[in-house]
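So the chains spell out like this:
Protein chains: 2
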Amino acid sequence: MKAGILYSGGKDSSLMAVILNRMGLEVELVTLNFGVYPSWKPAFESASLLGFKHKVMEAEDKTLEEAVKVITEDGFPNNGINLIHKTALELLAKEYVLIGDGTRRDDKVPKIQASEIRSFEDRNNVEYTNLQGFGYRTIDRLSSHLFEFKKEKSSLENNSDYEIEVRCLLDEIHGKGSSSSIFPLHYQTRVMGWKK
Amino acid sequence: MKAGILYSGGKDSSLMAVILNRMGLEVELVTLNFGVYPSWKPAFESASLLGFKHKVMEAEDKTLEEAVKVITEDGFPNNGINLIHKTALELLAKEYVLIGDGTRRDDKVPKIQASEIRSFEDRNNVEYTNLQGFGYRTIDRLSSHLFEFKKEKSSLENNSDYEIEVRCLLDEIHGKGSSSSIFPLHYQTRVMGWKK
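Line order of the protein sequences matches chains A and B.
Position 67 of the first sequence, counting from 1, maps to 67 under this note's numbering, and the rest follow consecutively.
Position 97 of the second sequence, counting from 1, maps to 97 under this note's numbering, and the rest follow consecutively.
By construction, these hints were calculated from the structure, which means they are not laboratory data.
Since the structure is predicted, the reported quantities are computational estimates derived from the model, not experimental observations.
Hints are not guaranteed to be accurate.
Because identical chains cannot be distinguished in the list, a pair is counted as satisfied if it fits within a single copy or across any two copies.
As the list claims (entries may be wrong) - Computed list of lysine-lysine pairs in BS3-like fashion (alpha-carbon distance at most 30 Å, straight line):
# : residue 1 : residue 2
1 : 108       : 62
2 : 2         : 150
3 : 69        : 55
4 : 86        : 196
5 : 111       : 196
6 : 86        : 108
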């Protein structure tokens with residue numbers, strides 16, 4: 001039985017993959033892409049360095065457009081990012097019986113509520129798992145045992161989060177740089193293989 | 001760094017232990033006991049069969065008495081069992097930096113709320129983990145890969161849940177058999193070693 005894990009190349013989704021793999025499941029790491037920008041590449045690199053199979057899952061433009069519309073109206077990314085995340089889960093449910101992501105206990109976005117999880121599992125007859133049982137300190141502790149990291153300024157070249165294609169479309173619609181007010185500059189940690 | 005896992009010998013707490021162990025932590029399995037009845041023995045047997053270190057953690061009578069009082073007043077076990085569980089976590093926090101239990105997403109009792117987890121972690125400067133990211137179907141799936149089980153009618157001899165000593169004290173106070181209306185007969189699954 002294969003598990004499909006939504007994968008960004010970060011430590012959370014990497015840890016979710018390793019947990020399920022070490023519990024005996026075959027895991028495939030899956031990164032969503034709308035065809036706007038090949039933002040899946042950093043995630044592919046991290047997955048390869050860990051030796052996991054990686055797939056790019058193509059999603060429809062209209063979901064990205066809807067998310068960008070919501071984000072523009074809201075002036076902040078939360079609801080739009082959640083919309084993309086839920087779409088990604090629904091797509092995964094067409095291919096896998098067991099679906100995971102790296103959402104942890106203290107994450108605010110993306111986050112799906114208990115009632116949404118029940119609905120998602122029942123409608124699709126799938127199982128959903130995440131890192132809801134772990135806080136960021138435990139995830140830092142476990143992932144620093146397991147992985148090598150690169151800590152760097154987030155950019156188009158090194159980030160596979162939903163954010164990247166949202167930014168590309170925001171800048172296309174509202175002018176170059178307009179996405180910076182919604183997604184401020186931040187640092188990120190990317191998994192670069194197993195700890196030596 | 002050692003992690004202390006509240007342990008009953010069931011599949012949930014066994015899975016929590018295996019996850020943390022396979023992520024690189026040394027784990028110790030800990031079963032609470034009030035000295036009323038040696039209900040820790042089945043948990044010790046399961047831990048031994050898995051090759052994990054097991055400890056019995058002695059708790060004060062007054063916690064069990066308070067729990068029995070609450071359960072008697074309520075007429076159902078939930079609040080009293082939660083009281084014991086929270087006491088167990090607080091005791092574990094005196095010995096371990098990382099504390100785990102087998103509480104899963106669809107558990108109702110014992111269960112600690114998000115705000116209680118934050119308070120517990122901050123007050124004690126510890127990390128708390130559980131199986132909140134997993135539903136029962138996934139836990140059944142993973143644990144059936146990992147463990148051999150014995151499915152049996154729950155009894156004094158084969159169960160290390162808090163319930164056992166609560167029942168003993170209830171029957172002592174209110175007369176033999178009086179605990180049966182609060183804790184009806186049920187079947188349980190006990191871990192009996194690694195899957196061959």
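Hints and how they fare:
For the identical chains of this complex, residue 108 and residue 62 are intra-copy neighbours only, at 24 Å inside a copy versus 39 Å across copies, given an alpha-carbon limit of 30 Å. Taking the shortest Cα distances, residue 2 and residue 150 sit within 30 Å of each other both inside one copy (29 Å) and across copies (27 Å). Taking the closest pair of Cα atoms, residue 69 and residue 55 come within 30 Å of each other only inside a single copy of the chain (27 Å); across copies the shortest separation is 56 Å, beyond that limit. Taking the shortest alpha-carbon separations for residue 86 and residue 196, neither the intra-copy value of 36 Å nor the inter-copy value of 39 Å comes in at or below 30 Å.
Taking the closest pair of Cα atoms, residue 111 and residue 196 never come within 30 Å of each other, the shortest separation being 33 Å inside a single copy and 38 Å across copies. Taking the shortest Cα distances, residue 86 and residue 108 sit within 30 Å of each other both inside one copy (14 Å) and across copies (26 Å).
Going through the hint list in order, the structure does not satisfy hints 4, 5.
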